[in-house]
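The whole structure should be built from the sequences, with the hints applied where relevant.
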Amino acid sequence: MPFIANTAQQRKQMLSEIGLSMDDLFADIPSELMRENFNLPIQASEMEVLKYLAELAGKNSTHLTCFLGGGFYDHFIPSAVYSIVSRSEFYTAYTPYQPELSQGTLQAIYEYQSVICRLCGMEAANASLYDGGTALCEAMMMALRITGRNKIIIDDSVNPIYRVMIQSYTRNLNIELDETHCTAGMANRNEIMSLLDEDTSAVILQNPNFFGCIDDFSEIAEAAHKKGVLLIVSCYPISLGILKTPGEMGADIVTGEGQSLGLPMSFGGPYLGFMATKKKYVRKMPGRIIGKTTDTKGREGYVLTLQTREQHIRRDKATSNICSNEALCALTASVYLSLLGKEGLKETAQLCADKTAYAYQRITSIPAVKPCFKGRWFFNEFVIDLPTDAADVIGSLIEKGFAAGFPLSRYYKNMEDSMLIAVTEKRTKQEIDMLAEALEAVL
Amino acid sequence: MKLIFEKSIPGRRGVLPAKSDVPTTIDIKNELLRQNDAELSELSELDVVRHFTELSHRNFGVDTNFYPLGSCTMKYNPKVAERIAAFPGFADLHPLMPQLRMGGLLTQGALKVLYEMDMLLREITGMAGFTMQPLAGAHGELTGIMITAAYHRDKGNKKTTVLIPDSAHGTNPASAAIAGYKVVTVPSNKNGVMDLDALKSMINDQTAGLMLTCPNTLGIFNSHIKEICDIIHSVDGLAYYDGANLNAIIGKACPADFGFDIVHLNLHKTFATPHGGGGPGAGPVGVTDKLLDYLPVSIVVKRNDGTYALEYDRPKSIGYIAPFYGNFGIILRAYVYILMLGKEGLKRIAENAVLNANYIRVKLQKYYDLPYPGLCKHECVFSASRQAKKGVHAIDIAKSLIDAGFHPPTVYFPTIVPEALMIEPTETESKETLDGFIDTMITIAKTAESQPEKLKSSPNTTPVSRLDEASAARNLDIASL
Amino acid sequence: MVPKELRCLQTHEWAKREEDSGIITVGLTDYAIEQLGDIVFLELPAVGDKVTKESEFCTIESVKAASDLYAPVSGEIVEINESLTENLELFKADPYGQAWIVKIKAEDIAEFESLMNAEDYEKQLKG
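Chains as they are written, first to last, in the numbering used here: chain A, 74 to 516; chain B, 42 to 522; chain C, 5 to 131.
Just to be clear, a hint being listed does not mean it is correct.
A partial selection of chain C residues facing chain B, derived with a Cβ cut-off under 7 Å [claimed, not checked]:
| hint | residue |
| --- | --- |
| 1 | D42 |
| 2 | V44 |
| 3 | V67 |
These aren't lab readings, by the way, just hints derived from the structure by calculation. Just so you know, even glycine gets a beta-carbon here, dropped at the ideal spot from N, CA and C.
Here's what the structure looks like:
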């Protein structure tokens, strides 16, 4: 029997030592509730399972050159990330409830919290949430707790998938969601300012936004703070290698998706939701938090702290219901950022920006292609307008070996001819040239 | 041990990005750039590898030694699952692929994994359909409560409360509260299970549902479970099964047969995916027929031609609770596990888990108080109240176990047992390991009798001794800036 | 031991009427402080806040628990003990004196009169 150590002989001995039979062990379940047969496949050996899953893996088209973005990117993952994170002392451990035995996880996550603060320009971070979308939902709940108000303003340049998640989360709650409409690829300042009032809890924005456009929300932060409203910014961590941080803009809560920090795209997860805030809001922040302290001999050590806000103590009054988080993914992010280091992250960010700028030039020089948001600064994604349905064009390009981009019609009205193209440091000049040639041929 | 930032040497480089091969260099306008570089460490690859290797030596996992954390099911994590999750065909798959034209055809392997898992979990639990979207157990609980709310809204019911036992895991009331319900606590009776009379008196037309785990957090199976579900149904409430303790009954019984309407499973518990130091997990949710319409978008369906597709058109769905299809990498690992156990293996999980727990129970009951004596399932809960009289508390016992090389069991939970020690060995532990643990626990009990002071200073064999948690909370230092 | 002249709530708050005024001083009994363990944080309400009898008015946090404190009478917060938040050790040192938490201007002094007295509180703790 795979993974079960005890032999039949040992089981027999154990049962006899405790004076029970196997039937006795399940005598507390009424016999009419017991089931004899489960229609499951027969046991497979490791060898068979590897073969079968390799076949299934082969049925996924990962050979297409990837220009897909939308918040999830094909970045380069250094080999040392894998070797470190696959150490079983890290991945077969659980939550560090016994700190003396878990200083490894605890210090690693304290370093992760620190690195997130440094990246985002904030003062306090938690030990991770599930993903960028649930992190944004939690940030919204946190703002509602802090302000005691129930109105949220959110611009539609924020990731549409996250906006749908927020709508799903708030359906049962007494919260007013006001969606503003981005103009020319930027968050709609006028609409936001006009909606800001003393009932507003927070404004939610994203930088770079879903279309890849870069913005500065300092003005909005100022106007919001005058009315006691908080600014929540969802951001893209690689971009923070060079871009103005949400902290510098005056954000109160920062969230984002950490997949780009050393995690494979893995068809939707596991991912990494990060959250950072100002010191004064720490007790309102959900999730686990690691703190530094000393032991009985005065040595430095790390522990889970502020646990009384969490579900296992505060129960129905907890800041969140989160228990298991994305600890291993947080470790991965910390390892990735340590391996790249200060200069490496900057260079990676600059590479993304340079290659995207090149792709933009090359692709918009095709006569039939127009840039959608001309004159905007963008980081590693941009939108182009085509003379025909973007989804069809993307379909044709798949046949030519490219996952060329994302059709915006899925989430935005009147954008059937527009597509979002992402370029990371992994894309070569040759790949970009070939995409441009293929696109021109298709149009 | 120094923080990684303290080891930094200005100018030192680690992994070098490739050089740019494009002729453009873009200088984004200064107002949009950060004024100072992010203060990340500057270290060589070797520096980083050594730092994290040293950290790993200060950690303890299932692969290290016995890890009987009650309620967490710390069973062995099969390495083949790690190998498969790293296949580029799975790891390099962008989640937006299915949303491209013909995209479904590009992801048939991944969609099949999701579909098959739905089918397997239906068979294991008896439920009619699953969503793989929830990203952890607590997330599954929230999903289940949101489905409850959608059901009642659809029927025009005005429900405001959710019933939860006093022994429940904290995520249960937290999830109910976040979904907008008022929590009403149902007491346990002197046998440690839900007080049926109390339940009958507490239900009314405001009751939206009941959240329960069975066996409960004391490791006790309530043989009246079907009656409990019937009582909830009598007011058109929904019965929710917290699957954290499925390891006790998997392959022997089905929550659907007990009468539950909604079930969540913890893949990182029962289905052997790694705990990762706190996560990632996955909490798929299964429902009965009448609730299928409310499952989150999207679901994988099998078309007549045998291909798999994502179904988005679900008008009564509660919406999206995660960006995509769930923690796919975790779901994939659980799939591998189920295939390797198969029909024959599935039964043996619960049999061995329950045997191991009862073996510990019987061998230690002379030395530690057993507040609820009698058969337990996959975990047993002792109380250190006898030792507490000598000044040795559950925490001292836990710390002494550390010096003996074991990870302590869960302490002080469930809160209805004073000085609780919750021990869950799981089926992957051998008799020799259990014997070693039992011997150590007996030695500790004897030391608590004769020389209690000896246990108060433990642990003494770890890089740090007991840490000052009060000071951590008072003088909050949660980041090095 | 709770000083005899004080009144108590079952939820372990003590209340003291200042002279013959309508001002009620509120704190936590030594029993509650013992139960909480090491107190790490106190979140005070603001002066001017309205409170209702037996509703939460403030939160106290220890390493093991975060508890809500309940108002003994309805009224308005007229004074808060700000220095207490920086000197949490006063809870153990002087629970009935320097560790007073808030002063409430009672709407209806009869609510104070109807509270349990110290002796009855100590009795029901034992029982």
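For this structure, which hints from the list above don't hold up? Hint check: nothing fails, all pass.
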